[in-house]
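Chain by chain, the residues run as shown.
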Amino acid sequence: MEFTTHLVCRECGKKYPLEPLTVCEDCFGPLELDYDYERIRHSLTKKILKSRPQTMWRYKEFLPLKGEPRVGKDVGFTPLIHASRLGETLGLKNLYLKNDAVNFPTLSFKDRVVSVSISKAIEFGFTVVGCASTGNLANAVAAQAAASGLESYIFIPEDLEAAKIMASAVYRPHLIKVKNNYDAVNRLCSEIADEKGWAIVNVNLRPYYAEGSKTMGYEILEQLGFRVPDNVIIPMAGGSLLNKIKKSFDEFETMEWIDTHKTRFFGAQATGCAPISTAFKKNSSEIQPVKPQTIAKSLAIGNPADGHYAVQTIRNSGGRADDVSDREIVDAIKLLAVTEGIFTETAGGVTIGVLKKMVEEKEIRPDELTVACITGQGLKTIEALSERDYPIPVIEADYDQFEALLH
Amino acid sequence: MAINVKLPRPFRRMTQGQTEIVLEGQTIRELLDDLEEKHPGIQAKIFSENNELRRFINVYVNNEDIRFLNGLQTAVKETDKISIISAIAGG
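Residue numbers (the working numbering), protein chains in the order written: chain A, 97 to 503; chain B, 559 to 649.
There's no promise every hint is true.
Said to hold, decoys possible - EDC-like cross-link-like pairs, simulated, lysine to aspartate or glutamate; straight-line CA separation at most 16 Å:
id, chain 1, residue 1, chain 2, residue 2
1, B, K564, B, E578
2, A, K156, A, D130
3, B, K564, A, E287
4, A, K275, B, E622
5, B, K639, A, E287
6, B, K603, A, E121
7, B, K564, A, D290
8, A, K387, B, E588
9, A, K387, B, D623
10, B, K603, A, E107
11, B, K603, A, D290
What the hints assert, rightly or not - Each pair of labels, with its calculated beta carbon distance range:
id, chain 1, residue 1, chain 2, residue 2, range
12, B, M559, A, K111, 35 to 43 Å
13, A, N276, B, N562, 46 to 54 Å
14, B, Q631, A, L145, 49 to 57 Å
15, A, N412, B, K596, 40 to 48 Å
For the record, the hints were derived by calculation from the structure and aren't laboratory data.
Where is the CB? At the ideal position from N, CA and C, for every residue including glycine.
Pulled out of the complex, with its shape left as it was, chain A reads as follows (with noise of 0.2 Å):
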């Protein structure tokens, strides 16, 4: 049973079929979905919620299939940690982290929007998908492609990690990589998605596709046991993430299932790739697009389609947007895995960096309940870290050489 009723323009409100449409044909706008919330209200109650399976699908009415998913169906409800020891180190007593990174099937929030698109697409009668990709999004879509039997293309810029590479490749995608950088290889896309009949899930099923980014929020609130956060921290790549969470605190609001939210945003972005921060910062919300130098390759998108919404919910939530340094991103990573035993990639220390910074600078205070949002895994971007920051002795099997290296 569906609960989406239409597509809606986010400039000029015009109204559109629940078609694959991403552009309103007046105003060029991006189009977004919206729902029947009296009727979820009708049909869906905490209660039922509860008795139902730990996925991600646990919230299907607010997701626009008209039937089942048809693949994903394990994807999400990932842990949320009681952060006590990065929390203690950072000066926090109500840190929690979404850990994304362990993630089905792909270990990155991207698995989400993936299943949803994918699901999407097959109800629409594509036979072929695809993607413009940092990594993750290439991973997800490669691996649940391969999962419903569906032809996939994948476009990534040609520099990316080697094992956002592999566990693209692995699943035999037609891979394609482009000598350029991300934003190079969407506008491809774009000039792709206008020529072929296939689903390019992050161009021409976008609408769909980013809802998919709801569940990571309403599982936040469930978690918490259907308390508000005063503050969440979110990395930014195109703005979508963010805006979607905020979208999902709003929803269980109409549900009447959370108190009227006044949760702060937090946008996350690293120093070489910051144009939504730099917005922010400059009071603005045009972004003025940029040329990515950075490691955290994930959020390395020059210019974000969603940088416009995302410094707007950023504003009027009362949050910041900043940026940190790949030192910073490094050292976050490295704090992270040593207080909580988590190993997240770059866009994790971004979140992490951007954390401390906001508690350094008193913008978090000791006592709220903070969520940061952890998308992705370390084992990912391994070339984050260098072999000479942890030395390690080598032995022979001689219990002798094992105490000489104890003194």
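Starting from the known structure of chain A, fit chain B onto it as the hints suggest.
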């Protein structure tokens, strides 16, 4: 100077299905002025009130975003590959 310009799918409704169009001009602005001559009404959709391109419209010269070049004043020549892309998505 006549230059070939690639149009995005959402424009094609206004250009009777043309995917590419030959436009006259020395700069991107002049090309877009010629596009308005040939298909009246299109500029009202792609320009904002202050006569700048709306943020959803991206123009590329030889694969480079004109915002990294000289904006609407970017000079163009016949051999340039020019494309208009509506609503860069991705991410």
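Now the hints, each set against the structure:
no. : hint                        : in the structure
1   : B:K564 x B:E578             : 4 Å, holds
2   : A:K156 x A:D130             : 14 Å, holds
3   : B:K564 x A:E287             : 9 Å, holds
4   : A:K275 x B:E622             : 13 Å, holds
5   : B:K639 x A:E287             : 13 Å, holds
6   : B:K603 x A:E121             : 9 Å, holds
7   : B:K564 x A:D290             : 11 Å, holds
8   : A:K387 x B:E588             : 27 Å, violated
9   : A:K387 x B:D623             : 11 Å, holds
10  : B:K603 x A:E107             : 12 Å, holds
11  : B:K603 x A:D290             : 19 Å, violated
12  : B:M559 x A:K111: 35 to 43 Å : 42 Å, holds
13  : A:N276 x B:N562: 46 to 54 Å : 22 Å, violated
14  : B:Q631 x A:L145: 49 to 57 Å : 56 Å, holds
15  : A:N412 x B:K596: 40 to 48 Å : 42 Å, holds
This entry does not satisfy hints 8, 11 and 13, going by the numbered hints stated previously.
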